[in-house]
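Number of protein chains: 4
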Amino acid sequence: MRREIGVALIGQRFMGRAHANAYAKVVPFFDPPLKPLLRVACGRDEKKLAEFARRFGFSEYTTDWREAVTHPGVGLVDICTSNDLHAEIAIRAAEEGKVVFCEKPLARDLAEARAMLRAVEEAGVPHMVCFNYRFFPAIRLARKLIREGALGEVRQFRTIYLQDWLVDPNFPRTWRLVREKAGSGALGDTAVHIVDLARFLVGEIAEVVGMLSTFVHERPLPNGGGMGRVDVDDAAAFLARFENGATGLFETTRMATGRKNFMHLEVNGAKGSLFWNAEDPNVLWFHSEGDPAAARGFRRIVVTEPEHPYAGSWWPPGHILGYEHSFVHAVYELLSALAEGRNPEPDFRDGVAAQAVLEAVLRSAEERRWVTVDEVLGG
Amino acid sequence: MRREIGVALIGQRFMGRAHANAYAKVVPFFDPPLKPLLRVACGRDEKKLAEFARRFGFSEYTTDWREAVTHPGVGLVDICTSNDLHAEIAIRAAEEGKVVFCEKPLARDLAEARAMLRAVEEAGVPHMVCFNYRFFPAIRLARKLIREGALGEVRQFRTIYLQDWLVDPNFPRTWRLVREKAGSGALGDTAVHIVDLARFLVGEIAEVVGMLSTFVHERPLPNGGGMGRVDVDDAAAFLARFENGATGLFETTRMATGRKNFMHLEVNGAKGSLFWNAEDPNVLWFHSEGDPAAARGFRRIVVTEPEHPYAGSWWPPGHILGYEHSFVHAVYELLSALAEGRNPEPDFRDGVAAQAVLEAVLRSAEERRWVTVDEVLGG
Amino acid sequence: MRREIGVALIGQRFMGRAHANAYAKVVPFFDPPLKPLLRVACGRDEKKLAEFARRFGFSEYTTDWREAVTHPGVGLVDICTSNDLHAEIAIRAAEEGKVVFCEKPLARDLAEARAMLRAVEEAGVPHMVCFNYRFFPAIRLARKLIREGALGEVRQFRTIYLQDWLVDPNFPRTWRLVREKAGSGALGDTAVHIVDLARFLVGEIAEVVGMLSTFVHERPLPNGGGMGRVDVDDAAAFLARFENGATGLFETTRMATGRKNFMHLEVNGAKGSLFWNAEDPNVLWFHSEGDPAAARGFRRIVVTEPEHPYAGSWWPPGHILGYEHSFVHAVYELLSALAEGRNPEPDFRDGVAAQAVLEAVLRSAEERRWVTVDEVLGG
Amino acid sequence: MRREIGVALIGQRFMGRAHANAYAKVVPFFDPPLKPLLRVACGRDEKKLAEFARRFGFSEYTTDWREAVTHPGVGLVDICTSNDLHAEIAIRAAEEGKVVFCEKPLARDLAEARAMLRAVEEAGVPHMVCFNYRFFPAIRLARKLIREGALGEVRQFRTIYLQDWLVDPNFPRTWRLVREKAGSGALGDTAVHIVDLARFLVGEIAEVVGMLSTFVHERPLPNGGGMGRVDVDDAAAFLARFENGATGLFETTRMATGRKNFMHLEVNGAKGSLFWNAEDPNVLWFHSEGDPAAARGFRRIVVTEPEHPYAGSWWPPGHILGYEHSFVHAVYELLSALAEGRNPEPDFRDGVAAQAVLEAVLRSAEERRWVTVDEVLGG
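Keeping their order, the protein sequence lines are chains A, B, C and D. Sequential numbering of the first sequence, starting at 17, is according to this note's numbering. Sequential numbering of the second sequence, starting at 17, is according to this note's numbering. Sequential numbering of the third sequence, starting at 17, is according to this note's numbering. Sequential numbering of the fourth sequence, starting at 17, is according to this note's numbering.
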């Protein structure tokens with residue numbers, strides 16, 4: 017049986033670093049049955065790339081992603097580029113028979129996402145989307161409690177995901193603010209996370225009605241030379257109905273002054289509730305109607321016990337994990353699935369499903385009406 | 017100058033007690049220029065009413081609201097009944113030339129609310145709606161900060177108001193669950209508060225898109241005799257655009273297991289933000305971009321200092337106020353306005369404005385589309 | 017049976033107002049079997065006193081406490097003066113056969129406290145000390161949980177009580193900063209509350225070792241005319257052993273910049289723990305080892321349910337109570353005990369017991385050694 | 017100039033893993049001028065050691081610490097053993113001319129600690145104690161604010177450090193519960209952290225009075241064979257005076273049911289205050305009297321901005337760091353100091369200073385009196 021897999025990591029910025037770190041840490045802490053070898057680092061800025069490859073210990077580096085993807089020592093292509101390259105790289109990687117691991121959002125739009133899914137399915141290669149928030153121990157515990165019925169029938173879900181990095185009008189117009197590159201703004205970048213968590217915790221979304229907002233319409237170009245138009249959303253909000261009848265409330269923004277990475281979600285069921293916040297991610301709040309009436313309240317569960325998902329592989333109780341650990345867990349699940357011949361989760365179907373919800377929100381915002389996900393999917 | 021005003025209080029339950037307590041406390045703590053005299057208590061259950069009148073020290077009581085409203089010693093009619101009686105009592109009180117002070121929601125629907133406004137304006141009597149949340153010191157401070165520009169241009173507003181008293185399917189079908197009596201469910205009962213706060217803090221709402229949900233469709237009748245249909249909403253959610261361009265997100269529910277009276281609101285502006293929660297109502301959280309970058313964060317302001325609205329009339333700093341104090345402040349503002357010959361705030365125009373938003377949400381939920389407030393108002 | 021009792025309230029400032037308010041509210045909300053009549057208000061500043069008496073509705077007022085205490089219509093003498101008058105008034109009131117209700121600390125020192133206890137016992141009159149914090153619903157619930165064994169054997173208690181009103185060096189030297197008037201500083205004023213709560217929740221304190229600190233040694237005299245020496249403690253801290261073997265950690269200060277009335281206490285037992293904070297007093301945090309390992313955590317109990325002490329007499333769940341409500345509950349317990357012929361709790365024996373602990377701390381601070389409470393009591 | 021240094025890591029359990037991880041991460045994220053090479057892993061359980069060495073990528077491993085310490089490829093000896101071996105290993109490593117990096121507490125007692133300090137000074141080798149809590153970004157920021165005068169004169173410091181892993185009476189008697197191995201219990205294990213932070217933030221401690229408590233006196237031996245006596249403290253508490261006149265309150269325990277790794281500290285100064293909690297370690301709370309009176313409150317600073325210590329080397333704002341990051345920062349400071357020819361901080365002098373405070377607490381607890389640190393040092 018194969019015990020090692022060569023990794024080509026495309027992208028060296030925020031997500032590139034998060035993934036590289038995950039491969040480095042998964043071995044000492046989880047000892048996965050399949051070990052990742054950091055074979056090729058790929059990025060556009062060669063000087064920075066050499067540095068990145070050296071620091072993280074990649075065997076080689078290249079500025080040509082095709083070279084990385086076709087490298088014979090590479091079994092797994094990990095895509096951390098800007099969104100406009102996801103489809104092209106993923107499809108080519110699939111054609112080369114590589115495992116494809118892609119950052120969220122899967123693509124700029126639904127059509128691209130579907131093309132990617134088609135490609136990996138036709139090639140018969142394993143595929144995964146890095147919805148890293150699924151891999152926080154508290155989120156895993158939340159799902160477990162819901163699955164076990166601790167909340168009873170789930171009726172209401174609400175979530176907000178607030179950042180403020182666009183409050184300054186002089187923040188430059190990076191690729192994330194250009195529709196052609198990014199597909200959308202906050203919607204594809206941050207709403208996609210909470211859409212995925214909604215699907216993970218509650219189920220499929222049936223229909224949505226939403227609005228998109230842009231508060232600053234021009235920003236300085238990153239490399240000087242004047243101003244550029246912002247043609248994506250700074251903020252998005254939508255209402256939803258899930259297929260199981262639950263209601264959903266979603267908001268995301270890059271304009272919530274003072275909020276840094278404030279993702280909050282709450283699930284209300286007939287017998288209990290839970291809520292969670294990404295700025296205090298080791299804690300899950302859980303309320304059970306089963307507790308005695310006079311001593312009932314949301315329990316502040318510090319999800320760092322040996323009984324908790326992933327936690328036992330790290331530190332003793334109360335010694336908290338950070339943001340990056342979610343990526344280590346994701347990579348561990350990826351490698352475990354590959355070793356066992358299963359497709360990992362969440363996969364490109366999840367990527368497509370989330371993208372369909374975003375597309376429905378976009379259409380809803382344009383046409384000012386409720387849009388079903390089925391309609392978008394062409395059902 | 018008149019120094020006293022006789023009060024007829026119609027209603028003896030939750031709101032009746034809150035108002036009676038407010039009249040009792042306003043004198044020792046605020047010494048208003050016009051003193052309230054508790055002249056007539058009015059309610060339907062005579063035995064309980066006698067007890068109520070005795071406990072709070074009303075001079076008289078009656079089960080006939082007409083008698084109360086026409087009583088020559090009464091100058092102020094305070095309406096704390098179920099919603100279906102607001103209009104009739106208020107209109108009659110106005111015709112009698114009494115000051116009218118009415119609990120929220122002003123009416124069951126917009127038409128009723130407008131009729132009430134017409135009546136008080138035609139009669140030329142002062143009028144006020146008891147949106148008590150406006151009178152929490154922290155909310156007053158929030159408005160002051162916004163008005164002074166501490167937040168810069170306001171861009172986003174979000175609020176949730178969560179209760180759970182309908183989670184138990186055996187909770188009886190009280191008047192609040194009957195459309196004919198209540199007008200609507202959570203929408204008119206709790207959403208109306210956050211709509212009013214939105215108007216108070218941010219400005220007029222231009223348009224909305226919303227959904228209403230009922231999770232339990234039948235409940236035991238309060239006096240036995242089987243089950244009754246619930247024809248109002250258990251929960252309501254809507255998106256909004258304000259006239260000034262800000263976005264709004266609103267949700268209210270009586271089905272959020274574990275949440276008791278959890279009203280949360282947040283305002284994001286170009287230069288700062290603030291948030292507040294009714295379960296910790298003495299605290300206002302305020303973030304300013306003006307703070308030094310390395311020492312910036314939401315300030316937890318304990319709004320109990322002499323510099324804070326109303327707080328100096330109570331206790332030393334840090335000795336917290338409760339829910340009921342908001343009513344004392346409301347009554348103080350009412351009596352002060354009357355003494356000075358001003359109409360108090362918020363008045364029936366505010367009641368109509370809030371009702372118009374609710375009506376737009378109802379229509380939006382029925383017709384599954386965005387609805388402007390102007391459309392509802394017939395503009 | 018007697019159904020009413022005339023009250024003479026001595027003192028019109030912070031505590032005078034808190035007590036007057038309590039008498040006013042106890043009838044509507046608790047309907048005690050014995051009704052308080054506000055007969056005589058007493059204070060030194062006649063102009064303010066007339067105003068105070070008018071606002072709260074006292075029948076009479078006088079600047080001579082002897083007159084108040086001997087008034088034939090008075091059955092209950094309520095002492096809210098500066099500490100130096102507690103003993104003289106209480107003893108005289110006892111001699112007159114009146115019920116004596118005294119603010120904390122019972123006296124300036126242990127000898128005075130004991131003389132007071134002797135006087136009320138010899139006179140056979142009921143007596144109570146107003147340790148108001150015992151009467152917060154959350155504290156009552158805490159005691160109930162401990163008594164029922166929900167925490168198992170109690171092993172550790174820790175509490176801090178932080179204020180900051182002396183941080184400004186120009187804050188004047190009021191009577192609270194003069195040993196002759198106050199007995200001690202933070203020790204008698206605020207530590208006494210947490211000592212009483214320790215006794216209420218955990219049991220008798222056997223021995224202590226402590227330190228007192230004064231950070232600002234001179235302050236402006238209140239009425240001008242230069243500076244006066246501060247001869248009491250700004251802050252006090254001590255370690256303790258309870259008779260049952262539990263350990264205790266206590267700190268109080270008037271110099272904790274930014275802390276307004278921050279009283280925090282935590283109890284750790286062999287099977288559970290609880291903690292509480294006076295700035296969020298409606299919430300009790302409770303941890304039980306009996307919860308399943310993976311879903312264990314401190315429960316945030318919002319102590320406003322009908323099942324909770326006192327809460328059912330006020331508002332629906334989640335509508336929070338404030339600081340002043342603790343006094344209403346205290347007065348309710350006082351009146352109920354009187355009506356039933358019991359002595360109320362906490363009584364002067366509790367006042368003496370708390371004073372003995374303070375005295376032990378004082379002696380310990382002076383002699384720099386552990387001091388047993390027995391030594392202080394039996395010395 | 018030397019660019020790499022070989023590391024021998026002695027110990028493979030909790031701290032061994034934390035240090036190994038730190039060496040692995042410091043290169044990609046901080047690129048220190050001197051690179052650590054993981055040369056030798058050392059531990060007692062050979063099977064586990066082989067696994068540990070493989071996972072973290074050590075070149076070699078040995079169960080003989082002498083071999084590790086004398087290894088010619090090793091320049092840095094990192095001691096993560098049980099406390100009883102610290103002195104012997106450190107002294108031998110110093111004699112071999114190696115850099116010595118030692119986990120806290122430096123030793124079992126003051127005499128040992130001093131011997132270690134003497135050894136490294138005589139050998140002229142660099143030395144550091146791993147007080148990892150100093151290296152949380154929030155703690156660094158706290159120190160910066162204090163140093164810059166943002167708090168004014170520091171007057172009061174209080175800290176508690178609560179764990180609960182000994183609540184279960186069947187938890188075995190590991191080496192940490194044996195005086196000969198550990199020196200002391202909670203005192204040396206957890207109190208030493210808060211003593212070091214006190215010194216880091218406030219200054220030298222002049223005198224203490226304390227108490228030690230053991231609640232469970234016998235526990236099962238780890239390898240079966242009956243019960244063993246616990247001869248160390250389960251909990252420790254003490255009062256302190258700092259040399260600069262500030263007061264200190266310290267408590268630590270392994271018996272605080274429900275508290276996992278709850279380290280809380282607060283500093284009050286004449287012009288401001290701050291507090292911090294290790295279970296939410298990315299947040300620093302800071303209050304400034306300089307803020308406007310009506311908008312003053314503790315600021316919740318999320319210490320993840322580029323302006324904050326270390327934070328810029330990790331992730332974007334709001335993406336939180338965990339417990340283990342403090343070790344990465346410590347190792348970075350160690351390597352930077354070595355590269356620049358400075359002795360790192362905190363060093364063995366800090367280890368001795370902390371140990372002297374612990375020794376004073378021990379003596380104080382035995383002799384039931386205040387003990388000065390000078391007395392302990394000069395005795």
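These are computed hints drawn from the structure, not numbers from a lab. Given the structure is predicted, the values throughout are model-derived calculations rather than measurements. Don't take every hint at face value.
Same chains, same names: a pair is fine if it fits in one copy or spans any two.
[Stated by the list, open to error] When the alpha-carbon atoms are kept at most 25 angstroms apart in a straight line, the in silico DMTMM-like pairs for lysine to aspartate or glutamate are as follows:
hint: 1; residue 1: K51; residue 2: E76
hint: 2; residue 1: K287; residue 2: E323
hint: 3; residue 1: K51; residue 2: E234
hint: 4; residue 1: K51; residue 2: E67
hint: 5; residue 1: K64; residue 2: E112
hint: 6; residue 1: K64; residue 2: E137
Now for the hints, and whether the structure bears them out:
When the C-alpha separation of K51 and E76 is checked against a cutoff of 25 angstroms, the pair qualifies both within a copy, at 18 angstroms, and between copies, at 20 angstroms. Proximity of K287 to E323 under the C-alpha cut-off of 25 angstroms is found in both arrangements, the shortest distances being 23 angstroms within a copy and 19 angstroms between copies. When the C-alpha separation of K51 and E234 is checked against a cutoff of 25 angstroms, the pair qualifies neither within a copy, at 46 angstroms, nor between copies, at 45 angstroms. For a Cα distance limit of 25 angstroms, the shortest separation of K51 from E67 qualifies both inside one copy, at 23 angstroms, and across copies, at 14 angstroms.
Taking the closest pair of Cα atoms, K64 and E112 never come within 25 angstroms of each other, the shortest separation being 27 angstroms inside a single copy and 40 angstroms across copies. Taking the shortest Cα distances, K64 and E137 never come within 25 angstroms of each other, neither inside one copy (35 angstroms) nor across copies (42 angstroms).
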